[in-house]
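All chains, full assembly: derive it from the sequences and hints.
2 protein chains.
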Amino acid sequence: MRIVLDGMGSDQHPVPDVEGAVLASREYDVTVIITGQKPLITAQLKRYDTRGLKVEVVDAAEVVTMEDKPSVVVKSKPRSSMHVGMQLVADKQADAFVTMGNTGAAMSIATLGPLRRIAGVKRPSLCAVVRLPTHTLIALDIGANADASPAWLEQFAIMGSVYGERALGIARPRVGLLSNGEEEGKGCELTRATAPLLKRAAINYIGNIEPKEALRGGADVLVMDGFAGNVFLKTLEASTSLVSNTLRDELKRSVFTMLGALLAKPAFKRVRKAMDPFETGGAPLLGVDGVVIIGHGRSNAKGVKNAIRQAKLAVEGQLIEQIRAGLAQTGATQNESHTPA
Amino acid sequence: MRIVLDGMGSDQHPVPDVEGAVLASREYDVTVIITGQKPLITAQLKRYDTRGLKVEVVDAAEVVTMEDKPSVVVKSKPRSSMHVGMQLVADKQADAFVTMGNTGAAMSIATLGPLRRIAGVKRPSLCAVVRLPTHTLIALDIGANADASPAWLEQFAIMGSVYGERALGIARPRVGLLSNGEEEGKGCELTRATAPLLKRAAINYIGNIEPKEALRGGADVLVMDGFAGNVFLKTLEASTSLVSNTLRDELKRSVFTMLGALLAKPAFKRVRKAMDPFETGGAPLLGVDGVVIIGHGRSNAKGVKNAIRQAKLAVEGQLIEQIRAGLAQTGATQNESHTPA
Chain A
334 MRIVLDGMGS DQHPVPDVEG AVLASREYDV TVIITGQKPL ITAQLKRYDT
384 RGLKVEVVDA AEVVTMEDKP SVVVKSKPRS SMHVGMQLVA DKQADAFVTM
434 GNTGAAMSIA TLGPLRRIAG VKRPSLCAVV RLPTHTLIAL DIGANADASP
484 AWLEQFAIMG SVYGERALGI ARPRVGLLSN GEEEGKGCEL TRATAPLLKR
534 AAINYIGNIE PKEALRGGAD VLVMDGFAGN VFLKTLEAST SLVSNTLRDE
584 LKRSVFTMLG ALLAKPAFKR VRKAMDPFET GGAPLLGVDG VVIIGHGRSN
634 AKGVKNAIRQ AKLAVEGQLI EQIRAGLAQT GATQNESHTP A
Chain B
334 MRIVLDGMGS DQHPVPDVEG AVLASREYDV TVIITGQKPL ITAQLKRYDT
384 RGLKVEVVDA AEVVTMEDKP SVVVKSKPRS SMHVGMQLVA DKQADAFVTM
434 GNTGAAMSIA TLGPLRRIAG VKRPSLCAVV RLPTHTLIAL DIGANADASP
484 AWLEQFAIMG SVYGERALGI ARPRVGLLSN GEEEGKGCEL TRATAPLLKR
534 AAINYIGNIE PKEALRGGAD VLVMDGFAGN VFLKTLEAST SLVSNTLRDE
584 LKRSVFTMLG ALLAKPAFKR VRKAMDPFET GGAPLLGVDG VVIIGHGRSN
634 AKGVKNAIRQ AKLAVEGQLI EQIRAGLAQT GATQNESHTP A
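Chains as they are written, first to last, in this note's numbering: chain A, 334 to 674; chain B, 334 to 674.
Rather than coming from a laboratory, the hints here were simulated on the basis of the structure.
Using N, Cα and C, we set each Cβ at its ideal position, and we do this for glycine too.
Treat the hints loosely; a few may be bogus.
Sample of chain B residues at the chain A side, in silico, Cβ under 7 Å [unchecked claim]:
#, residue
1, Tyr-381
2, Gly-385
3, Asn-513
4, Glu-522
5, Leu-548
6, Lys-567
7, Thr-579
8, Pro-599
Dropping the structure here:
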């Protein structure tokens, strides 16, 4: 299997990116093709013992920055490490693309550039794989579509379910619709219009789900528009940091609590690990015609390695073919009766 | 000052309700009028030393339960402790109404029953007063209006700002619009159409705010539709519980971490207190023509007492008159150009 990694993606590129590529190649027996400015990538690679590893470098002169506007980057930087990398996947010279770079730019290049959408897909969806203490929650859309229609949400639900089943090995993922109440009929106009579509879809739909229930393990896939999804995910991240930071500050207030914290350190460490976003690796962009995983810009080498593992699992699970089949089975690629307001 | 308390509101009514009334009357020098089934309330009151306290009981034969449908309860139970209590406020026999009961029912009885909306208010809004380690965040709407229009959000912003200033004593509250990005132009259709209205409103509008920034103290008032607001608030609550519960479980795993937890106990306690929702007391229902505070069904006596304090502060701040003035100043009660999709 050949996986392309954007060597210029992370905030500290190419350091964590290249190290992650080396680790992944060693651990997962995949070929990692790093795209980026060749002299830079090659120099960084020399710091590791790569004998016997399948790591290649493909030159790409341009770098997408956090300042690049997603809407123009596909035209303005056709030689970027993202663009060149996705082209390799489109040309069947590689099986998947992984980047820690600008999310909006990656989505835009994937959709408008080399990969394009899977036939019949109305909108690609960015999908969070949220690591929780007791289970893994697939949440989508988390930002690609701030306004969405019921027909889009139906496709998100199918794609999220296929991802859970094929890339994460969850049998018959339970798909819930994020809402402000569990009862049928609760929700906003969008969710009320979406529920009937999800009921008829070839997925294991379990109805409305509130945030509490979703975080407790009540659903495997949580479906929502990109605005609500962004609020959900960012509030989750911000709240957990808030609690940890407040506790850390309070623990420093006296010698006794500091000593207590020292003794309790293994427990704190386990909690941190149980909820570490870098343990999953990244967010799959679903609906484009190729496996694309977008990791966090702050990722360390372990995060990059795990994102590559995620891509590998998706390729092994034949994600794209299965999404195609899933959409066809439900007839969800047919004409659309709703559009966002 | 005379404050009505629904004696049949909390899950454990009338026990925490009556005790909270006694505590509040003792501490804040207010008259508390408890509505509910008189024999029950009177029997409960006898358990406390109420000499010198101003606590009265007004009989109300019916009880609103969690199963009562908000849409019909105003007609089906006209003698409920909620209905009778709000009638006292409408009749100027009391200054404010406080309940720990069914939120939907309380909103519905307030709006369709005795109190009605303040003239020109399009929709009442339920407003969370979120206690955070560093500051208090006013978040609205949190559930009354799952679909909202820009003009409604404009009114929510004004009402939330007035509440912050007059009931919580925040000078020139910074009002932010919940969004999926800080930059102008980010957001969904609703928020993009709302931003210009907030700019021209007579409030201290600071633009788009993401959850992280809001929780860090970047805004005093956070405005959103009831669906996003519900997702925000419930995700916040669920995430903080998730971290605490996971940590508690992990701390129990070894003798060392248990000992550590014991030593660190004061720190844990301070964190819990810093984020305890019962410390604020309840959620004001803004836009109805009378001060209404809706507390949590799980409230203990301290929660009830604090909800009564909240009502007292709102009355002292002349909340209703100030909301009227605030809406008039912005001209926000004029004709509406947007309705929800």
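Inset, instruction - With chain A as the partner, please determine if B:Tyr-381 meets the hint condition of a C-beta pair closer than 7 Å. - result: Check failed: Cβ of B:Tyr-381 comes no nearer than 35 Å to chain A, outside 7 Å.
Legend entry - Restraint satisfaction for B:Pro-599 [CB to CB of chain A, less than 7 Å]: Since the shortest Cβ distance to chain A is 6 Å, the answer is holds.
Inset, instruction - Against chain A, run the beta carbon of B:Asn-513 and see if the smallest gap drops under 7 Å. - result: Since chain A brings a Cβ to about 4 Å from B:Asn-513, closer than 7 Å, the hint holds.
Inset, instruction - Using Cβ atoms only, decide whether B:Lys-567 comes closer than 7 Å to chain A, and label the hint accordingly. - result: holds, 4 Å
Inset, instruction - May I ask you to test the interface hint for B:Gly-385 with respect to chain A, counting a Cβ-Cβ separation under 7 Å as satisfied? - result: This interface hint is violated because 39 Å lies over the 7 Å limit.
Legend entry - Hint status (Cβ of B:Thr-579 to nearest Cβ of chain A, threshold 7 Å): Constraint on B:Thr-579 satisfied, holds at 5 Å.
Inset, instruction - Would you check whether B:Leu-548 satisfies its interface hint, that is, whether its CB is within less than 7 Å of any CB in chain A? - result: holds, 5 Å
Legend entry - chain A contact restraint on B:Glu-522 - CB to CB distance below 7 Å: Nearest chain A Cβ about 5 Å off; hint holds.
The structure is inconsistent with the numbered hints 1 and 2, although it conforms to all the rest.
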